[in-house]
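K.L.:
Protein sequence lines, in the order shown, are assigned to chains Y and R.
In terms of my numbering, the first sequence opens at residue 1 and continues consecutively.
In terms of my numbering, the second sequence opens at residue 1 and continues consecutively.
No lab work stands behind these hints: they were computed from the structure.
The reader is advised that the hints may include incorrect statements.
[To be verified] Between beta-carbon pairs, the in silico distance windows are: (1) E124(R) x L104(Y): 38 to 46 Å; (2) T61(R) x K114(Y): 31 to 39 Å; (3) S250(Y) x D259(R): 51 to 59 Å.
[Said to hold, decoys possible] Cross-link-like lysine-lysine pairs, in silico, DSSO-like; alpha carbons within 27 Å at most: (4) K201(R) x K239(R); (5) K111(R) x K306(R); (6) K147(R) x K201(R); (7) K147(R) x K230(R); (8) K249(R) x K239(R); (9) K147(R) x K176(R); (10) K170(Y) x K114(Y); (11) K219(Y) x K3(R); (12) K161(R) x K58(Y); (13) K170(Y) x K226(Y); (14) K176(R) x K161(R); (15) K155(Y) x K170(Y); (16) K114(Y) x K161(R); (17) K147(R) x K111(R); (18) K201(R) x K219(Y); (19) K194(R) x K147(R); (20) K226(Y) x K180(R); (21) K306(R) x K170(Y).
Cβ coordinates follow ideal geometry from the N, Cα and C atoms, glycine included.
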Amino acid sequence: MAAQIILFNASFGLCLAALACWSAAYVFRKPRLAAAAVWALGLAWLALSAGLAVLWAKLGRAPLSNQYESMLALLWFVFPIAFYFHRAAGRTEIMPAAALAASLLFGAAALLDKTAHPLMPALRSDWLIVHVLSSMAAYAAFALAAAAAGWALAKRQAEAADEFLLRLTKTGFAFLTLGIITGSVWADTAWGAWWSWDPKETWSLITWLAYAAALHLRKNGVRGFKFAAILPACFALVLFTYFGVNFLLSGMHSYG
Amino acid sequence: MIKFLSSLRLFFAVTLALGAVLIYQTLFNRGAPVYGTPWFAALGVLAAANIAACALGRARTASARFLLLHTGLVVIILGAFLTRFYRFEAELPLRAGETTDTAYAGTAAYKLPFSVTLEDFSLEYYAEPLGRITVETDGSREVFDAKEGTVIEVPGLAPIKVLRAVRDFGLTAGNKVIEKSPYWHNPAVQLELKSGGKTRKLWFFSNFPAMHAQTLPFGVFYAVEQAEIKNFTSAVALKTAAGRELKAKISVNRPFKVDGYTLYQTSYDPAEAGYSLLTATLDRGAWVVYAGFAMLLMGVLLWLRK
């Protein structure tokens, strides 16, 4: 088995182990197990980073050119965003949410085609890195916001989590804006038009509008339970933009 | 009126309408796209008016991030309208050695303020493609490199000789086989083999694998591996109306700007080696959009820091 696959599997395993630790910590009321879970998640991130480095070196290019590779980048962003909000905002629930999101994403990535092809001419550009990374960072932040919102709703703590959910959503929105803008500038050099109403472009705009509406709603008093309930709905649009467009609609983004 | 235009209610209404229209367009609409309709443009105007009215109404009291973000969006929509009404795009078909200043959009022809000569067109592969011959008999399936002069030994069969391999099979008027182009468009291999007691010289094509399948008692297939294209490039010479002469290499992701126009490498013809299709665009609205992007990004960054 290739070295990077072993590292990715190790990372997946550590995420599942972290989830098991949190479950055990919750059931048996042993806070030490929760601390072990945070460590497991940190190791999972290291294994994932090492795997990506190996893959990058093997391919001789950034591994960002198809759905599988981009999803690994998305996964990579889940961890630092979670660690940041865990430390800076003191929200402990984001760590199990991150482990849950990462495990689901690893599961989904395992189903995707892992064959690496050389970059087609249209993708041979430095814009690939900044466009895909900012889009994946946005999706990671939105995934965490949706997972944390789900967690907060389930535990009936939506009021307490409100400010923190807003910050996660703002992070995602800023990265999504950057992702759309860099994509547009790149499209202008590669395809000759800064906007072509390609289905992926259109759906990224729909997603952007939905989060813009959510942020305006919150600014005007829609907080707590209601704001937390909106986030998973918005994330459904992210999922469609990321997966649905590729499977259901044909367009210029057919590679990922 | 201003109060209505700047209202949050209008923002939600426009966002909802836009979202619904875009979802309808991408998932259900099988007819003409909505993007070109007057009412879709009206929706854009309404969105811009809403954001502009909101920004203007709070211009004195609002923060820099609020103004940058919202003004940036208005500028982007304004640029989008400039692009929509004034953007020029036409295709420039070129053949090696030929000079043209005519570009085509549909059936209309446009004279460009410069002429373009295609000096050379080249395709670049990631690695030199490999021709491979597969021989299938009842019990076995073996694969060999298609190198001219080699003899393929398969148990149970008479030796098969590789006489010739070409990247792009072509025939002259006198039925002589030639390389039509230096590219792997119609790869073929000529083999000398024995079947039914007779020695035959046959051509096998990777694009037509079923050829000879009915007439031979065993299977022979030709295929090309690792023929992934890395890039394609047109080397052009340009002469502007002012008499300026320029040389440029235009490839995918590397367009070339001349007199406000941008030339893109769009396509090529697998069947004709010296053909290249460029696209010429002129879009002054793009600069307005880029200015809007810069404002929006600055606004978002300041808002994130809040």
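K.L.:
Give a verdict on every hint.
P.N.:
These are the hints, each one checked on the structure:
As the Cβ distance of E124(R) to L104(Y) is approximately 40 Å, the hint placing it in 38 to 46 Å holds. Hint check: T61(R) to K114(Y), Cβ distance near 55 Å, so the stated range 31 to 39 Å is violated. Taking 51 to 59 Å as the suggested C-beta distance range, the pair S250(Y) and D259(R) does not conform, at roughly 36 Å. Between K201(R) and K239(R), the direct Cα distance comes to roughly 51 Å. Violation of the 27 Å bound is thereby established for this hinted pair.
Distance restraint check for K111(R) and K306(R): the Cα-Cα separation of roughly 53 Å exceeds the 27 Å cut-off, and the hinted pair is therefore not satisfied. Taking the CA atoms of K147(R) and K201(R), the gap is near 16 Å; set against the 27 Å cutoff, the hint holds. Distance restraint check for K147(R) and K230(R): the Cα-Cα separation of roughly 24 Å lies within the 27 Å cut-off, and the hinted pair is therefore satisfied. A distance of roughly 14 Å separates the Cα atoms of K249(R) and K239(R); the hinted pair therefore holds under the 27 Å criterion.
Straight-line distance between C-alpha atoms of K147(R) and K176(R) comes to about 20 Å, which keeps the hinted pair within the 27 Å bound. Straight-line distance between C-alpha atoms of K170(Y) and K114(Y) comes to about 32 Å, which puts the hinted pair past the 27 Å bound. The hinted pair formed by K219(Y) and K3(R) meets the criterion: a straight-line CA distance of about 19 Å does not exceed 27 Å. Distance hint between K161(R) and K58(Y) is unfulfilled; the C-alpha atoms sit about 38 Å from each other, more than 27 Å.
Restraint check: the Cα-Cα separation between K170(Y) and K226(Y) comes to about 17 Å, which is no more than 27 Å; the hinted pair holds. About 20 Å separates the Cα atoms of K176(R) and K161(R), which keeps this hinted pair within 27 Å; it holds. About 23 Å separates the Cα atoms of K155(Y) and K170(Y), which keeps this hinted pair within 27 Å; it holds. For a cut-off of 27 Å, the pair hint linking K114(Y) to K161(R) is broken: about 38 Å separates their Cα positions.
As the CA atoms of K147(R) and K111(R) are separated by approximately 49 Å, the hinted pair breaks the 27 Å bound. For the suggested pair K201(R) and K219(Y), the alpha carbons sit about 80 Å apart, so the restraint of at most 27 Å is broken. Pair hint K194(R) plus K147(R) holds up; C-alpha atoms about 19 Å apart against a cutoff of 27 Å. With a C-alpha separation of about 68 Å, the suggested pairing of K226(Y) with K180(R) is violated against the 27 Å cut-off.
Note on K306(R) and K170(Y): the hinted pairing holds, with a Cα-Cα distance of about 10 Å set against a maximum of 27 Å.
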